[in-house]
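Novice: Residues per chain are reported as follows:
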Amino acid sequence: MTDSTSSVSHLDLDESKKTFLDANELILNMGPQHPATHGVLRVILRLDGEKVLGLECVIGYLHRGVEKIAEHRTYTMFNPYVDRMDYVAAVSNGLGYCEAVEKLLNIEAPPRANYIRVILTELNRVASHQLWLGTHALDIGAMTPLFYTFRDREEILKIFEKYCGARLTTHAFRIGGCQYETYEGFEKDVKKFISFVAPKIDEYEELLTTNRIWVERTKNVGTISAKDCIAYGVTGPVLRASGVKWDIRKAQPYAAYSKFDFEVPTGQNGDTYDRYLVRMAEMRQSLRIIQQAVDGIPEGPIMAKVSKVMKPPVGEIYHSIEAPKGELGYFIVSDGSTQPYRVRVRPPSFVNLQALDLMCRGQLVADVIAVIGTLDIVLGEVDR
Amino acid sequence: MEPVATTFFFYLLSGLAILSGVLVITRKNPVHSALALILTLLCLAGLYLMLYAPFVAGVQIILYVGGIMVLFLFVIMLVNLERSQKEKQFNQQWVPGILAAVALGALFVTIYIKGGALFVRPEIRFPEAENTQQVGQMLYSNYMFPFEIASLLLLVAIIGAVVMAKKKI
Amino acid sequence: MPDDTTSPAPPPEGGPKSAAEPPVPSGATAGSPSPVPPATPPAAAAEKPAAAAPPKPAPAKPAGPVPVVWESALVAKLKGQFGSGVEALTYLGQNYLQVDRSLIPNILQILRDEEQFDYCVDVTAVHYPKRERQFDVLWILYSFARNERVRVKTQIAEGEHIPSAVSIWPTANWLEREAYDMFGIQFVGHPELKRILLPDGWKGHPLRKDYGIIQQDQEWVQINLGIESGQ
Amino acid sequence: MPDFITNYLDKNVHVTPGEYGSPFWALVYILVVFGGVSMAVVCMNWLERKILAHMQIRLGPMRVGPHGLLQPIADAIKLILKEDIIPEGADRFVFWIAPMIILLAVFSVYTVVPFGPTHAITDMNIGILFMLGVSSLGVLGIVMAGWASNSHYPLIGALRSSAQMVSYEVAMGLAVISAVLMTSLNAEGTGTLSMIGIVHAQYAQHVWFIFKFFPLGLIAFFIFAVAMVAETNRAPFDLPEAESELTAGFHTEYSGLRWSLFMLGEYAAMIAVSSIAITLWLGGWMRPFPNLLSGPTWDLAFSFFPALTFFGLAGMTFYSTMRMPRHSFFRVQTIGLGAFGAVFALIGLILLLPGVNGRIQDIYWFIFKIAVFMYLYIWYRGTFPRYRFDQLMKVGWKILLPMGIGVLMLTGIVALRTELWDFMHEALRRLVHV
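Chains as they are written, first to last, in the working numbering: chain U, 8 to 391; chain P, 3 to 171; chain D, 6 to 236; chain W, 194 to 627.
Okay, chain U solo, but in the shape it has when bound (with noise of 0.2 Å):
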């Protein structure tokens, strides 16, 4: 609890405008270490009561230097490296710097791994959702959804454990494919997980949806407008919820997604109710995903033809996919060598992070929470 940072100058109002009722502002600290912050982020609030002057984001806490350790590894080397940015959806990191690496290398995964790839990601989607679902449904004070989210969401990772032995940092994609062919009964599992999870995401709507106080403390609280995300370059599902009818996945298909039929769901008000629906509908369209991808896997190989040593021609790639939380890119510059030159991470929770004061300014400190757990941020890949 700090009275007083110097870092928090800009927030400054005009001292001119102050009446004596407006003098007692209150510089509240907020985190790294609180329960509602998603991690060690830090937001100095500017208060006044109640009332969210402004704030600012003290990020950094959780910097690994992952793109410094990128370039002293081979290509192979830093791949487990990616899971551990956003520790919830590490699947999809790990496909969108394979499919980066792939698109430098100028391969294609085979069309079974494709689908593999597919699968799992969705699945991996539908698990960071849960586990945003629980957290935020707790930081507005429910408990309960918190449980049943993560007794869900252990389905899939069973799944993830079976497939590849690892349950949240999986490592499960290789440059050039799978390493691994799907397990026996993989497909009898995967089904069997979209039978039992379509009703529970009925059932963590019955508990919310029309719940009066989770209408009440979600519906108006952080808005933020189509132009503001794409001027903010926010993503993901605050985009849609916005109104922006974008989804990679739709927009520059990769894997194989472009064989799927599905919907992207989008909101009006671009408040946390809508993020909240679009968040559910999400869901439910990657359940319909993983149906079809299950159901139309092809036979074939799972790895393409890549040389044990890699080395990419010079020259540069950018490449992002459509990870859980928003456009999760890469960009990669090759010299040639086994090592990448530079990777450079395009973390969607960052750049969503920074939306963070615009759509807290005029709410109240219980709003801040909300729309912390709304962005759906993961400190791991903010600070990277």
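Quick caveat, the hints were computed from the structure, so don't treat them as lab data. Don't be surprised by glycine CBs; every beta carbon is placed ideally from N, CA and C. Possibly wrong hints are sitting among the right ones.
Derived list of chain U stretches under chain W, where covered just means 3 residues or more per stretch with a C-beta under 8 Å from a C-beta of chain W [as the list claims (entries may be wrong)]:
#1 142-154
#2 310-322
#3 368-378
Per label pair, the in silico range of CB-to-CB distance [to be verified]:
#4 W:Leu411 <-> U:Lys266: 52 to 62 Å
#5 P:Thr112 <-> W:Gly282: 44 to 54 Å
#6 D:Ile228 <-> P:Leu73: 42 to 52 Å
#7 P:Thr8 <-> W:Gly229: 24 to 34 Å
#8 P:Leu157 <-> W:Leu411: 26 to 36 Å
#9 U:Lys234 <-> D:Lys135: 52 to 62 Å
#10 P:Met52 <-> W:Ser231: 22 to 32 Å
#11 W:Arg622 <-> P:Val158: 37 to 47 Å
With chain U fixed as given, assemble chains P, D and W onto it according to the hints.
Specialist: For chains P, D and W alone, kept in the frame of chain U given last:
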């Protein structure tokens, strides 16, 4: 129930009330003063109870201690305490102070000496069991008009407060 | 930041002159196990890029794809407006514009206002210490209307300034701060250019090639964290 | 001394110990009630964790004792042994006294809680007024705790809670008044504020006040039920201690024993306000349908309930004992659980004794009703998200308060409908004749 140790409790409560009353004006920290004031008010409630006026005692607790003093504390916590602690606490106007004290003392002494004559029928007291009902009866019969006037005054005060606090109506 | 030269014109003498510290920290005590194995000397990785700078990949490998000239209405328009300062190329199906540093705020403004590149995906930089103009600064842009990505690249030298894009895309705020934090690139006109991921008092810019992988600001660690060894 | 005891056992004495003028029995009652409430808080702690856990598909405490039954004791030991930290810059005296004030306020309330017509410490003439007044003192403790901690989160928590409690007291008071109004509808025409008197009034009027003037009584009860959750700072009105916003609100800086006093105060306050609600609207200590299903046969039938409850608990415990894993590691736990069941069964048997049975009836029903309320509290916590502060104020001032005033006025009108009718009739008649 017969009262127990009445004299003892009377002096205990009065002593506490005076002591905490002194604390109210001598504490530098306004929060401490407010707490001492709460103690004073609670002692007064106890004295009312001893006068067989449980209703007044209950209202004293609800209104003064539970309501008004909480709002007092509320306000005190919001003002700048550091500044108020540096300010000089006592007003140095000795002459008017002594005069006022003497006048008040004279008043007390007069009442103590001539008290019996000033108050008519001092033996009247409401039985404890029916005190509340009696108060209610009185308020809604003999003292209906003053009661309503008081409520009107409070209404005016409420509206005035809202008008003053709200920048735009 | 040691460099406070205001004139952008004189290119530095070449080679890393600032923040030149030994890649292996000397203060490492033998007892404390280093989390990272002794790194590949940065020089090994840094030797090649000088020759292999993307704009003119001279020794193109036989199998590898080569950047080809990108022709489009957009390019034609920009070339017509800015002349030789703009070079448009395509590599692996991804378009990029190699532009002169002096064109920077204008070309970005035009891309947003007239060409609907309304979404700034990323602002970042790449360090080529052997090059005369050491840094590539990149803007990755996307247009919702055209569903098209384009990269704008420019080269700046150590100590040179570059106009900030915050007024064009607010999202550039943190991204530029990160580029400043990691590379020490000065964005002029940025509302609050300070470190974002590293602590405020940190010395050095870690993503520069001359910053070793296990190097860190030992003085900062000793002062702020109270760790004697500084690791 | 023997006189006191024999007097108590004399069934003809139909007043509380306080009224009877027996300091000894009053003291015994005070000790029993306070000890009982503390025990109830301890049980409540375990039950809340268990019930909430089962609502949330988890097990809750399972390690300390069979099914975590000894967890509250372990918690208590831990809390007592923990270091008691007073933050630097805190106002030490206020910091020290704040939890005491909360406890003092909450436990004072129990002096007038009527567990039965004779099972109360005393019967005050202003019982309900006293309860409301004293329970409102708890807010002082919260404000002091928040201020004395010299930290922002507790201060905001304290400001929130004082605003919240003061606001909801208004709606609460209006709901209470409408119930008190109903007590005056008996033959004598005078109402009462005495807690015991209110229950007697419900008996005399052959109706629990929740069903009186349906739905007016129900609405008043609803207002009170909402306000009492807000008064006790429980979910969904737990803003003063909203952990996701204010870490722990006013008791952020408290630790160890002092913190546990806050918890004790909170749970004791929950029981206290629940007992107000029960006394005012749910017939207090009366068993269900005391008038409809009256007569010795029904009395006898209902008198088995306390024993049956304990037999049921014993049965559940024995069932769990049988389901314990057959492993040497669990032997002690299994035996312990069995012993627990045996104690329950023994209590059940004792409750079957005629003398005890008659004495315990009213207490049993009162506690049974409290248990229902406690379950509701836990249920709310498992279901509802938390209100935001402005919404909380909106609910208090814009919904509950107008509702309370409306109910109060309607109750008055309905209560005096015959008089009003006569008055109107008379007025109309005179008007016509003039």
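Novice: Work down the list of hints and note, for each, if the structure agrees.
Specialist: Cross-check of the supplied hints:
Chain W is given as covering the region 142-154 of chain U, and this holds because 10 residues of the stretch bring a CB closer than 8 Å to a CB of that chain, at least three being needed. For the region 310-322 of chain U, the stated coverage by chain W is not satisfied: 0 residues place a CB nearer than 8 Å to a CB of that chain, which falls below the threshold of 3. Counting residues of the region 368-378 of chain U whose CB falls under 8 Å from any CB of chain W gives 5; the rule of at least 3 is met. For the hinted restraint 52 to 62 Å between Leu411 (chain W) and Lys266 (chain U), the CB-CB distance of approximately 59 Å keeps it satisfied.
Between Thr112 (chain P) and Gly282 (chain W) the CB atoms are about 50 Å apart, so this pair conforms to the stated range of 44 to 54 Å. At about 48 Å, the CB distance of Ile228 (chain D) to Leu73 (chain P) agrees with the hint of 42 to 52 Å. Range check, Thr8 (chain P) to Gly229 (chain W): Cβ separation about 31 Å, and the 24 to 34 Å hint holds. For the pair Leu157 (chain P) and Leu411 (chain W), the supplied restraint of 26 to 36 Å holds, since their beta-carbon distance comes to about 30 Å.
Roughly 43 Å separates the CB atoms of Lys234 (chain U) and Lys135 (chain D), a value that falls outside the hinted 52 to 62 Å. Evaluation of the 22 to 32 Å hint for Met52 (chain P) and Ser231 (chain W) yields a pass: the beta carbon distance comes to about 30 Å. The supplied range of 37 to 47 Å is met by Arg622 (chain W) and Val158 (chain P), whose beta-carbon atoms lie about 39 Å from each other.
The structure fails hints 2, 9 (numbered hints given earlier, in ascending order).
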